[in-house]
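Keeping their order, the protein sequence lines are chains A and B. Quick note: the numbering used here has the first sequence finishing at residue 263, numbered continuously throughout. Quick note: the numbering used here has the second sequence finishing at residue 518, numbered continuously throughout.
I should point out that these hints are in silico values taken from the structure, not numbers from a laboratory. Treat the hints loosely; a few may be bogus.
[As the list claims (entries may be wrong)] Below 25 Å or equal to it, Euclidean Cα-Cα: the simulated PhoX-like pairs (lysine-lysine) are:
{"id": "1", "chain 1": "A", "residue 1": "Lys22", "chain 2": "A", "residue 2": "Lys241"}
{"id": "2", "chain 1": "A", "residue 1": "Lys215", "chain 2": "A", "residue 2": "Lys146"}
{"id": "3", "chain 1": "B", "residue 1": "Lys497", "chain 2": "B", "residue 2": "Lys470"}
{"id": "4", "chain 1": "A", "residue 1": "Lys215", "chain 2": "A", "residue 2": "Lys71"}
{"id": "5", "chain 1": "B", "residue 1": "Lys497", "chain 2": "A", "residue 2": "Lys67"}
{"id": "6", "chain 1": "B", "residue 1": "Lys497", "chain 2": "A", "residue 2": "Lys71"}
[Claimed, not checked] Label pairs and their computed distance ranges (CB to CB):
{"id": "7", "chain 1": "A", "residue 1": "Arg224", "chain 2": "B", "residue 2": "Cys391", "range": "55 to 61 Å"}
{"id": "8", "chain 1": "A", "residue 1": "Thr170", "chain 2": "B", "residue 2": "Ala386", "range": "23 to 29 Å"}
{"id": "9", "chain 1": "B", "residue 1": "Asp445", "chain 2": "A", "residue 2": "Ile124", "range": "21 to 27 Å"}
{"id": "10", "chain 1": "A", "residue 1": "Gly44", "chain 2": "B", "residue 2": "Thr501", "range": "32 to 38 Å"}
{"id": "11", "chain 1": "A", "residue 1": "Gln221", "chain 2": "B", "residue 2": "Cys391", "range": "40 to 46 Å"}
{"id": "12", "chain 1": "B", "residue 1": "Glu495", "chain 2": "A", "residue 2": "Glu3", "range": "43 to 49 Å"}
{"id": "13", "chain 1": "B", "residue 1": "Asp432", "chain 2": "A", "residue 2": "Arg115", "range": "46 to 52 Å"}
{"id": "14", "chain 1": "B", "residue 1": "Ser475", "chain 2": "A", "residue 2": "Ala68", "range": "48 to 54 Å"}
{"id": "15", "chain 1": "A", "residue 1": "Leu174", "chain 2": "B", "residue 2": "Ala290", "range": "27 to 33 Å"}
{"id": "16", "chain 1": "A", "residue 1": "Ile124", "chain 2": "B", "residue 2": "Asn344", "range": "28 to 34 Å"}
{"id": "17", "chain 1": "A", "residue 1": "Arg56", "chain 2": "B", "residue 2": "Ala498", "range": "36 to 42 Å"}
{"id": "18", "chain 1": "A", "residue 1": "Lys22", "chain 2": "B", "residue 2": "Thr501", "range": "47 to 53 Å"}
{"id": "19", "chain 1": "B", "residue 1": "Glu390", "chain 2": "A", "residue 2": "Ala118", "range": "50 to 56 Å"}
Beta carbons are placed, not taken as given, at the ideal position from N, Cα and C, and that holds for glycine.
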Amino acid sequence: MSENAEIAEAAELLRTAQETRKACAPIRDLIGETDIDAAYKVQGINHEHALASGRRQVGYKIGLTAKAVQKQLGVDQPDYGVLYADMMLGDTSDIDTSQLIAPKVEAEIAFVLGRDIAHADVTITELMDAIDHALPAIEVVDSRVKDWNIRITDTVADNAAGALCVLGTTPRKLSELDLRLCGMAMLNRGEPIATGAGLACLGNPLNATLWLVQKMTSLGQSLRAGDVIMSGALGPMAPAKSGETYEANISGLGSVRAVFAGS
Amino acid sequence: MSQIIDLARRVDRAAQEATAIAQFSEAAGLSVSDAYLIQAASIAERLKRGERRVGIKMGLTSRSKMEQVGVHEMIWGRLTNDMYVEDGGSTSMSRYVHPRAEPEIAFILKKDLAGPVTTAEAAAAVECVAPAIEIIDSRFENFKFDLCDVVADNCSSSGYLMGPARAMDFDIGNLGMVLSIDDQPVAVGSSAAILGHPLRSLAAASKMVAQSGETLKAGDIVLAGAATAAVELKAGMTVSTEIQQLGSLSFKVTE
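Bound-form chain B, shown alone (with noise of 0.2 Å):
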């Protein structure tokens, strides 16, 4: 237990203070579980200083994510207000070791779920759905890991956006989706890259997190994963995500 609370210590501060740190799975032979341990012992070591856990975030949703990053398999991690940055406001480069940013779609939940839950469960408990932006920054050298380091490190969780929600009373499994750097489009994708429909990953969510004991909560955002891979972020860059029937969202890059 002492090992998963040091390593733990060590991705919070790697986090806290924007440095890079060793990946160190292999070495300290970590499991998926334990790895799903450190990952809570980190988060409560940012709810000690006054953050908030907010929702959740999937990772590794769709093909072009996997390929990316060479793991494949889904994972999860925890969102909490500190990494909220405001659609139209800004971000700095301080924050951050090596920032990629991705468009995603994002559900706000008006009810429970809990464990493994049908499309259509999943669906009933969603409030309204906004289109959104992870910001996604490994602790990891050269954002180089395996499956249990980047589980450890919160599965690179670091900044999401959300742009105006709305009801979702249309099907959003077929959504273009557009991510621009200074209004250059640089990723085209749609929302069927999402395990062929986002409400599967909502589904997907649910039954994930529940082998960590948790449920998702009646107000919880979960960002369903992204649509396409994930670009790198400037100082100075003003990133947008423009999705089909769901609007824009955008922000900047300072120093």
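If we strip away everything but chain A, and leave its shape as in the complex, we get (with noise of 0.2 Å):
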């Protein structure tokens, strides 16, 4: 187990590098390689001071949903983050590239929940039945650990690398949607640079967000009401560019565009 001052230090230095925008060495320099419980505890320092510095929780990300990303990075789960009110944006909005350290986007789709959960058993139909709608999302993520250069632990302590996402505007009921199979493409300038489906975050969304749900309420989290999950990827991450506009479109859930300012 990492020592105290050793999280503190990691924590540290994640905060710096989010606020100069300037990379930071791995984190696993500092708390090992496979201790993902000092990694979380990582995330959980920071999110304290995102909450006294007035930042609002919204909601979670789920991250690792694909097998591969798990075999990559030696993991059997997937991990999570805190996503704030500042990060979420709407479509077509501008994204400030100056504000990111090396994005990059991903296809998936955000669960807006109708109504608390608070039992840590909650089943697949009390989830459903508590999804108010769904809605087609790209979620910037971005590594404040230079070059990407991450492990399990990194990426668990720097928030699971959420930094913003960009929501569509058309909800739609669970009942009209093809989960599983709804194919994805995400185009940069007609191009389809990504393409997947429902079932490659981890053979349906709804088990990842199954998994997410009943992860924080083990750990005493309740979510609530107006609560936005963002499921997990449903193809390949693609870097993004300033300049560049991306278009994930989501099949049943129409489509939402990432609008990256020129540098």
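Reassemble the complex: the two chains are provided individually, in unrelated frames, and hints are given to aid placement.
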């Protein structure tokens, strides 16, 4: 187990990297490559800082939902990060790239809860009942660790690489959707630069969402009506460049655009 | 011309006997049009043996496929009835050198398509659309080839399956597609990976076959190209593909 001093130092490194937009050395140098609990403690310290500085939590993101990515990082489960109000953007809003370090984009489905979930043994049907609607979304991920040189503890400590979420404006009920087989295409200048489907996210985006909800409630954190859950990528992520627009189309859910301002 | 015939016989024999041959296009100094002549001549050998041309396949229509084989141009090959594998049936490894499978969308035409056409004209010529799997098997050693090699080798075509067809009364531009081996998903993608929309591949097919003086005919099958990288086949596998709104199909691989 890493010492508290190292956990605090790791948290400070990541905060400084975010504030200065200068990526830091891998966090695993301080807390090791395998101690996921220590990594969540680092994330937790920075969450307390965020709340103390007035940021408001609006939900969670789920990461590492692709089997291939889990294998690459040597884990057999997803990870999560916290979403704050200042990370949430509407369709086609300008993204200021100077606020980011090495952004990448991925297309996913956002679920918005219509009621609270408090019990840790929440079932799939209770989860479906609690979801008010789904939205097409682009997650902008960023690594505060230099050159995306990350192992599992680096990304968990770094709020699961969360940066921004661009949400579409076409809410859909679950009954209208084929969450498992819905096609996903991420377009840039008309070219499909990443494609996938719902089942790329742990077999079904609701599987990832159930994991998250059970994880949080078992840690004593309830989910609230209005919370947004970014359920995980439906295909590979793509590097985002200044001056470029990325459009995600998800079959049945519509489309959403992330516009990166020119430098 | 005798070189074209010689090379056509070489790829035809390799396909017939399921044996790998060395790449030849560089040594022979082939152009792309030579390569298509070799392909046509090798198919003529098949037709002489009583096989029937049933349609064509488009190849390298997606980024993942181009990267997998290192060739960055669209290509097309001919399909014959002998290459058909039944949905729910099986195919033997003995027919192939080093086969791979990929999930595809198949069009069946109700009208001829000749030369450059718009995607709207292409759509109007479609009788129905079906989920499909193509079995590709380069006759070249180690599945290594350049553009002219692969074209001469009928674009690695060696087998195809189609699931239940349905009318194309919905947008097929972004359908989720999955290829599974023994029910485990191994490749996930979208029909959008096929040139952004599979109908673009059909329009490209009409234009490309015209360059060889051919037209697509009513009743032809056109495989639009793979949406994901291809997966290696081994005896004992059950291979299936499921496509959003189109349904699924499967086959077994035997010794």
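Hint check results:
Restraint check for Lys22(A) and Lys241(A): satisfied, since their Cα atoms lie roughly 17 Å apart, inside the 25 Å limit. For the suggested pair Lys215(A) and Lys146(A), the alpha carbons sit about 29 Å apart, so the restraint of at most 25 Å is broken. For a cut-off of 25 Å, the pair hint linking Lys497(B) to Lys470(B) is broken: about 36 Å separates their Cα positions. At roughly 21 Å between alpha-carbon atoms, Lys215(A) and Lys71(A) fall within 25 Å of each other, so this suggested pair holds.
Using a Cα cut-off of 25 Å, the hinted pair Lys497(B) and Lys67(A) holds, with the two alpha carbons roughly 22 Å apart. Only pairs whose Cα atoms come within 25 Å are accepted, and Lys497(B) paired with Lys71(A) is accepted, the gap being roughly 23 Å. Between Arg224(A) and Cys391(B) the beta carbon distance is about 48 Å. The supplied range of 55 to 61 Å is therefore violated. Separated by about 25 Å at the C-beta atoms, Thr170(A) and Ala386(B) satisfy the suggested range of 23 to 29 Å.
Checked against the hint of 21 to 27 Å, the C-beta distance between Asp445(B) and Ile124(A) comes to roughly 25 Å, which is consistent with it. Range check, Gly44(A) to Thr501(B): about 46 Å between beta-carbon atoms, so the 32 to 38 Å window is missed. Against the hinted window of 40 to 46 Å, the Cβ-Cβ separation of Gln221(A) and Cys391(B) comes to about 51 Å, which falls outside the hint. The beta-carbon spacing between Glu495(B) and Glu3(A), approximately 48 Å, falls within the hinted interval of 43 to 49 Å.
In this structure the supplied range 46 to 52 Å is violated for Asp432(B) paired with Arg115(A), their Cβ-Cβ distance being about 38 Å. With their beta carbons about 39 Å apart, Ser475(B) and Ala68(A) fall outside the hinted range of 48 to 54 Å. Take Leu174(A) and Ala290(B): their Cβ atoms lie about 59 Å apart, and the range 27 to 33 Å is violated. Between Ile124(A) and Asn344(B) the beta carbons are some 46 Å apart, a value that contradicts the proposed interval 28 to 34 Å.
Distance hint for Arg56(A) and Ala498(B): a CB-CB separation of about 58 Å, inconsistent with the stated range 36 to 42 Å. For Lys22(A) paired with Thr501(B), a C-beta distance near 52 Å keeps the hint of 47 to 53 Å intact. Distance hint check for Glu390(B) and Ala118(A): the Cβ-Cβ separation is about 55 Å, which falls inside the suggested range of 50 to 56 Å.
Hints 2, 3, 7, 10, 11, 13, 14, 15, 16 and 17 from the earlier list are contradicted by this structure; the remaining hints agree with it.
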